[in-house]
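S.K.: Single-letter residue listing:
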Amino acid sequence: MTQSVIVQVGQCGNQIGCCFWDLALREHASVNQKGIYDEAISSFFRNVDTRMVGDGGSISKGKICSLKARAVLIDMEEGVVNEILQGPLRDVFDSKQLITDISGSGNNWAVGHKVFGSLYQEQILEKLRKSAEHCDCLQCFFIIHSMGGGTGSGLGTFLLKVLEDEFPEVYRFVTSIYPSGEDDVITSPYNSILAMKELNEHADCVLPIDNQSLFDIISKIDLVVNSGKLGTAVKPKSLVTSSAGAFKKQQEKPFDAMNNIVANLLLNLTSSARFEGSLNMDLNEISMNLVPFPQLHYLVSSLTPLYTLADVNIPPRRLDQMFSDAFSKDHQLIQADPKHSLYLACALMVRGNVQISDLRRNIERLKPSLQFVSWNQEGWKTSLCSVPPVGHSHSLLALANNTCVKPTFLELRERFMRLYKKKAHLHHYLQIEGMEESCFTEAVSSLSALIQEYSQLDATKSMPMEDLPRLSVAV
Amino acid sequence: MSIVTVQLGQCGNQIGFEVFDALFSDSHCPQGLCSKRENEAYQASCKERFFSEEEHGVPIARAVLVDMEPKVINQTLSKAAQSGRWKYGQHSCFCQKQGSGNNWAYGYSVHGPRHEESIMNLIQKEVEKCDSLSGFFIIMSMAGGTGSGLGAFITRNLQDQYSNSLKMNHIIWPYGTGEVIVQNYNSILTLSHLYRSSDALLVHENDALHKICAKLMNIKQISFRDINQVLAHQLGSVFQPTYSEEGSSHYRRNPLGDLLENLVPHPEFKMLISNAKMEEGIDWQVRPPLSGAPTLGKMSANKNLHFNTSLANLVILRGKEVHSADLGGFKDPALYTSWLEPDNAFNMWKTQRAFNKYEKSAALVSNSQFLVKPLDMIVGKAWNMFASKAYIHQYTKFGIEEEDFLDSFTLLEQVVASYRNL
Numbered sequence: 001m002t003q004s005v006i007v008q009v010g011q012c013g014n015q016i017g018c019c020f021w022d023l024a025l026r027e028h029a030s031v032n033q034k035g036i037y038d039e040a041i042s043s044f045f046r047n048v049d050t051r052m053v054g055d056g057g058s059i060s061k062g063k064i065c066s067l068k069a070r071a072v073l074i075d076m077e078e079g080v081v082n083e084i085l086q087g088p089l090r091d092v093f094d095s096k097q098l099i100t101d102i103s104g105s106g107n108n109w110a111v112g113h114k115v116f117g118s119l120y121q122e123q124i125l126e127k128l129r130k131s132a133e134h135c136d137c138l139q140c141f142f143i144i145h146s147m148g149g150g151t152g153s154g155l156g157t158f159l160l161k162v163l164e165d166e167f168p169e170v171y172r173f174v175t176s177i178y179p180s181g182e183d184d185v186i187t188s189p190y191n192s193i194l195a196m197k198e199l200n201e202h203a204d205c206v207l208p209i210d211n212q213s214l215f216d217i218i219s220k221i222d223l224v225v226n227s228g229k230l231g232t233a234v235k236p237k238s239l240v241t242s243s244a245g246a247f248k249k250q251q252e253k254p255f256d257a258m259n260n261i262v263a264n265l266l267l268n269l270t271s272s273a274r275f276e277g278s279l280n281m282d283l284n285e286i287s288m289n290l291v292p293f294p295q296l297h298y299l300v301s302s303l304t305p306l307y308t309l310a311d312v313n314i315p316p317r318r319l320d321q322m323f324s325d326a327f328s329k330d331h332q333l334i335q336a337d338p339k340h341s342l343y344l345a346c347a348l349m350v351r352g353n354v355q356i357s358d359l360r361r362n363i364e365r366l367k368p369s370l371q372f373v374s375w376n377q378e379g380w381k382t383s384l385c386s387v388p389p390v391g392h393s394h395s396l397l398a399l400a401n402n403t404c405v406k407p408t409f410l411e412l413r414e415r416f417m418r419l420y421k422k423k424a425h426l427h428h429y430l431q432i433e434g435m436e437e438s439c440f441t442e443a444v445s446s447l448s449a450l451i452q453e454y455s456q457l458d459a460t461k462s463m464p465m466e467d468l469p470r471l472s473v474a475v
Numbered sequence: 001m002s003i004v005t006v007q008l009g010q011c012g013n014q015i016g017f018e019v020f021d022a023l024f025s026d027s028h029c030p031q032g033l034c035s036k037r038e039n040e041a042y043q044a045s046c047k048e049r050f051f052s053e054e055e056h057g058v059p060i061a062r063a064v065l066v067d068m069e070p071k072v073i074n075q076t077l078s079k080a081a082q083s084g085r086w087k088y089g090q091h092s093c094f095c096q097k098q099g100s101g102n103n104w105a106y107g108y109s110v111h112g113p114r115h116e117e118s119i120m121n122l123i124q125k126e127v128e129k130c131d132s133l134s135g136f137f138i139i140m141s142m143a144g145g146t147g148s149g150l151g152a153f154i155t156r157n158l159q160d161q162y163s164n165s166l167k168m169n170h171i172i173w174p175y176g177t178g179e180v181i182v183q184n185y186n187s188i189l190t191l192s193h194l195y196r197s198s199d200a201l202l203v204h205e206n207d208a209l210h211k212i213c214a215k216l217m218n219i220k221q222i223s224f225r226d227i228n229q230v231l232a233h234q235l236g237s238v239f240q241p242t243y244s245e246e247g248s249s250h251y252r253r254n255p256l257g258d259l260l261e262n263l264v265p266h267p268e269f270k271m272l273i274s275n276a277k278m279e280e281g282i283d284w285q286v287r288p289p290l291s292g293a294p295t296l297g298k299m300s301a302n303k304n305l306h307f308n309t310s311l312a313n314l315v316i317l318r319g320k321e322v323h324s325a326d327l328g329g330f331k332d333p334a335l336y337t338s339w340l341e342p343d344n345a346f347n348m349w350k351t352q353r354a355f356n357k358y359e360k361s362a363a364l365v366s367n368s369q370f371l372v373k374p375l376d377m378i379v380g381k382a383w384n385m386f387a388s389k390a391y392i393h394q395y396t397k398f399g400i401e402e403e404d405f406l407d408s409f410t411l412l413e414q415v416v417a418s419y420r421n422l
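Quick note, the sequences are listed as chains X and S, same order. Residue numbering for the first sequence follows UniProt numbering, starting at 1 and increasing by one per position. Residue numbering for the second sequence follows UniProt numbering, starting at 1 and increasing by one per position.
Accuracy of the hints is not assured; some may be wrong.
Computed list of chain X residues with no C-beta within reach of chain S, every gap over 10 Å [unchecked claim]:
id, residue
1, SER278
2, LEU384
3, SER393
Stretches of chain X that chain S covers, calculated by requiring three or more beta carbons in the stretch to come under 8 Å of a beta carbon on chain S [stated by the list, open to error]:
id, stretch
4, 9-22
5, 281-289
Quick list of in silico lysine-lysine cross-link-like pairs, PhoX-like style, CA-CA up to 25 Å [stated by the list, open to error]:
id, chain 1, residue 1, chain 2, residue 2
6, S, LYS397, X, LYS161
7, X, LYS461, X, LYS329
8, X, LYS34, S, LYS125
9, X, LYS63, X, LYS114
10, X, LYS421, X, LYS114
11, S, LYS97, S, LYS129
12, S, LYS350, S, LYS320
13, X, LYS161, X, LYS61
14, X, LYS63, S, LYS211
15, X, LYS197, S, LYS397
16, X, LYS63, X, LYS34
17, S, LYS97, S, LYS357
18, S, LYS389, X, LYS461
19, S, LYS373, S, LYS357
20, X, LYS34, S, LYS79
21, X, LYS367, S, LYS215
22, S, LYS220, X, LYS367
23, S, LYS397, S, LYS36
24, X, LYS130, S, LYS389
25, X, LYS34, X, LYS96
26, X, LYS367, S, LYS350
27, S, LYS36, S, LYS47
28, S, LYS357, S, LYS397
29, S, LYS36, S, LYS79
30, S, LYS129, X, LYS61
31, S, LYS79, X, LYS197
32, X, LYS367, S, LYS357
33, S, LYS79, X, LYS61
34, S, LYS373, X, LYS367
35, X, LYS63, S, LYS97
36, X, LYS114, X, LYS461
I should point out that these hints are in silico values taken from the structure, not numbers from a laboratory. Everything numeric in this text was worked out from a predicted model, so none of it was measured. Just so you know, even glycine gets a beta-carbon here, dropped at the ideal spot from N, CA and C.
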């Protein structure tokens with residue numbers, strides 16, 4: 001069994017991270033009734049004997065003593081991290097896992113990347129090495145950050161290069177929050193494009209997410225929950241947005257619901273690696289199956305169901321509905337419509353009481369309405385994990401490598417160009433040592449090259465499929 | 001003579017468990033429909049082949065379990081132990097922490113050499129427990145990374161190290177509509193390598209097994225467990241002891257040898273497929289499967305019946321009134337390639353001792369053109385994907401180059417052509 005380390009960077013990254021740890025504890029608590037430290041828990045947590053001085057000796061088996069998250073928390077302001085350390089999750093984190101500063105990055109990628117990058121490089125390396133040492137077999141780093149700000153965007157992507165050099169065999173999965181159209185950070189296009197170049201070059205897999213989509217999902221749920229219709233009472237724990245029943249007891253903060261969706265995404269992504277099932281899917285299989293060419297590693301995700309109805313007299317929404325929903329544009333975590341774009345590959349990660357025949361039936365049913373690239377007509381990767389998420393009897397996470405990410409990138413580039421043409425706010429960046437205009441132009445061309453790849457693939461959409469001539473052999 | 005089973009990867013281990021369970025249940029079935037002496041001889045023969053004895057009496061499966069990550073092996077071991085009737089050897093498994101990531105290259109080029117010694121040692125220990133070794137039965141899937149890549153590596157090692165023993169690879173042919181996106185690459189690499197180092201490839205298709213569960217058994221929500229159990233029953237009815245030429249008191253001694261002798265007349269043709277029918281009260285009207293032929297009522301006299309041409313067919317009958325079965329239909333020369341006499345190509349083993357609780361059961365193992373179409377399809381899809389170079393970087397990362405792909409394609413095109421020309 002392998003372990004993963006979460007690296008949460010910046011305000012957004014740390015807030016999401018906090019929700020993640022909360023839900024992870026809740027999930028393991030509901031699965032692991034006897035409180036034994038098993039391999040599933042060990043993928044994200046260490047078991048530490050706090051009576052011992054120093055680092056706390058790690059215990060590998062037996063009863064759970066004190067769980068410590070395999071995490072590194074980085075922020076250039078203290079507010080968010082301090083709040084975490086004073087909150088109910090304080091015991092889950094080790095003060096030695098943190099890197100903080102006071103002044104913040106001022107929503108400036110260059111400050112995060114160049115200034116804080118060089119300032120904290122040694123410390124970052126040291127904390128990462130430590131967390132890796134605590135792992136028996138480290139498989140993956142999960143980086144959580146936002147693209148629009150300064151720390152998450154700049155320092156978060158600086159990290160990627162460090163990880164690639166220091167741990168070349170360990171996967172780098174990045175969960176990136178992209179800025180929405182009405183983002184209140186003016187320089188978010190600059191930050192995002194500069195960060196995209198790093199993601200293009202140093203990430204194994206990126207899961208782009210945007211706030212607008214998360215917000216729409218929440219509105220959808222609210223509509224159902226508050227509609228007061230008979231039979232629509234929802235099981236509180238089942239809400240993909242809730243932390244009900246989790247360890248945090250304080251008032252839910254405004255972004256909590258949205259962050260919980262992302263936290264659930266990460267839990268579902270790793271469920272088949274942690275828990276047993278009849279068709280397992282490890283994290284290394286995600287990259288292997290969903291990344292046909294190294295640069296095309298952006299995966300659109302969707303989670304269903306969003307909630308479970310509480311009234312047992314109402315029959316559960318048909319299993320098949322769950323599969324249909326996964327392909328609807330309302331359930332995607334970015335503004336994208338995969339159904340009307342071209343699929344390069346698609347993964348269906350199912351949890352709970354679902355069998356292979358259910359999976360096959362739904363694939364057969366949905367296939368005709370989806371367009372797959374000519375060389376991957378049956379590009380499906382599937383997994384079945386027996387353990388459902390808390391509050392549900394089954395759930396589905398769909399990951400698609402689909403050209404529907406192109407509009408997001410196009411829009412980003414558009415917003416960038418609008419600012420860049422007028423050289424607006426550019427001086428804030430250029431005054432940082434190591435930053436030149438070429439950084440910007442290189443970043444934009446990197447993005448343009450990526451967009452071009454997607455366009456070329458899109459162009460093949462309507463072309464008739466030809467079978468290539470095969471090798472002929474003498475008999 | 002004994003068979004040592006090597007279970008590889010999630011698929012291999014999940015199936016392996018069901019197979020041993022089916023073999024054990026059958027051999028301890030009280031209603032053998034035969035005399036007590038025969039039943040005891042059957043049990044003893046089955047035990048010799050598949051289980052070894054321990055002091056406390058719980059038989060231990062003659063198997064080595066290999067997987068690159070621990071979850072499945074742990075489950076398999078505990079399921080066997082829980083049953084209390086048989087179990088796996090405590091030290092018969094080899095496990096790592098991180099899987100092969102569905103990457104054939106990783107299974108073959110990284111895990112293979114790295115763990116070669118440990119795995120071969122485990123196999124050696126199991127072999128030493130046998131009085132005499134018939135050969136190896138290797139259970140693996142083609143679509144993943146461990147079963148396929150590491151499986152190919154181990155099979156080649158077995159050929160080098162145990163060149164006098166026979167090897168039969170049991171391969172799971174994945175669903176046509178994708179379980180793993182790179183399954184076609186993994187499959188062609190596996191098949192081409194195994195073709196060079198294995199003696200026979202016994203294939204089971206997930207699609208076919210799924211259909212059996214759905215149509216014949218009417219299971220509504222089919223799980224992999226259901227599929228594996230159907231498979232295990234089919235294998236059981238093929239591998240359980242059968243009478244030898246001498247008659248009812250002697251069971252055949254060399255299961256693999258006999259199978260291969262009857263089914264693989266030429267090393268260029270190694271692909272076997274099996275099918276079985278088990279029921280109460282069926283008539284012994286076993287007919288060869290027709291491919292693409294219309295149903296009986298609509299057959300017109302002047303149409304050429306198209307059979308999948310066979311190289312060899314072996315029918316194994318078990319149960320009541322087995323000696324009365326007439327299998328003349330199988331001796332039709334139209335079934336066989338022109339360079340073989342039906343008498344040589346067709347064989348029949350009849351055993352009175354029933355399999356499991358089925359009054360009558362029939363199994364057919366064929367070496368025929370049946371697999372040409374699926375094989376051709378897989379090669380075609382893999383070729384299309386290869387032309388676009390998609391996913392190739394994942395393989396070259398671990399030392400499998402485009403040339404290796406081309407070699408595999410060439411070999412398999414030859415196999416397809418050879419079978420087509422039968």
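S.K.: Determine for every hint whether it applies to the structure shown.
M.R.: Here is what the structure says about each hint:
1. SER278: violated (4 Å)
2. LEU384: The claim breaks: LEU384/X does not keep its Cβ more than 10 Å from every Cβ of chain S (closest is about 8 Å).
3. SER393: At about 13 Å from chain S, SER393/X clears the 10 Å cut-off, so the statement holds.
4. 9-22: With 0 residues in contact (Cβ-Cβ under 8 Å with chain S), the coverage given for the stretch 9-22 of chain X is violated.
5. 281-289: With 6 residues closer than 8 Å to chain S, the stretch 281-289 of chain X meets the three-residue bar; holds.
6. LYS397/S x LYS161/X: holds (19 Å)
7. LYS461/X x LYS329/X: Distance of about 20 Å is within 25 Å: holds.
8. LYS34/X x LYS125/S: violated (37 Å)
9. LYS63/X x LYS114/X: violated (45 Å)
10. LYS421/X x LYS114/X: Since the Cα atoms of LYS421/X and LYS114/X sit roughly 24 Å apart, the hinted pair holds (cutoff 25 Å).
11. LYS97/S x LYS129/S: Between LYS97/S and LYS129/S the Cα gap is close to 28 Å, so the pair fails against 25 Å, i.e. violated.
12. LYS350/S x LYS320/S: Roughly 10 Å separates the two Cα atoms, so the pair holds.
13. LYS161/X x LYS61/X: violated (34 Å)
14. LYS63/X x LYS211/S: Judged against 25 Å, a Cα distance of about 46 Å means the pair is violated.
15. LYS197/X x LYS397/S: holds (23 Å)
16. LYS63/X x LYS34/X: holds (8 Å)
17. LYS97/S x LYS357/S: Not OK: LYS97/S and LYS357/S at ~40 Å, beyond 25 Å, violated.
18. LYS389/S x LYS461/X: holds (18 Å)
19. LYS373/S x LYS357/S: violated (35 Å)
20. LYS34/X x LYS79/S: Distance ~20 Å between LYS34/X and LYS79/S Cα, so the pair holds.
21. LYS367/X x LYS215/S: holds (22 Å)
22. LYS220/S x LYS367/X: Holds: LYS220/S and LYS367/X sit about 21 Å apart, inside 25 Å.
23. LYS397/S x LYS36/S: violated (60 Å)
24. LYS130/X x LYS389/S: Violated, because 39 Å separates the two Cα atoms, which is more than 25 Å.
25. LYS34/X x LYS96/X: violated (29 Å)
26. LYS367/X x LYS350/S: The given pair, whose Cα atoms are some 46 Å apart, is violated under the 25 Å limit.
27. LYS36/S x LYS47/S: Holds: LYS36/S and LYS47/S sit about 16 Å apart, inside 25 Å.
28. LYS357/S x LYS397/S: violated (51 Å)
29. LYS36/S x LYS79/S: violated (31 Å)
30. LYS129/S x LYS61/X: violated (34 Å)
31. LYS79/S x LYS197/X: violated (50 Å)
32. LYS367/X x LYS357/S: violated (41 Å)
33. LYS79/S x LYS61/X: holds (22 Å)
34. LYS373/S x LYS367/X: holds (22 Å)
35. LYS63/X x LYS97/S: Judged against 25 Å, a Cα distance of about 22 Å means the pair holds.
36. LYS114/X x LYS461/X: violated (41 Å)
Going through the hint list in order, the structure does not satisfy hints 1, 2, 4, 8, 9, 11, 13, 14, 17, 19, 23, 24, 25, 26, 28, 29, 30, 31, 32, 36.
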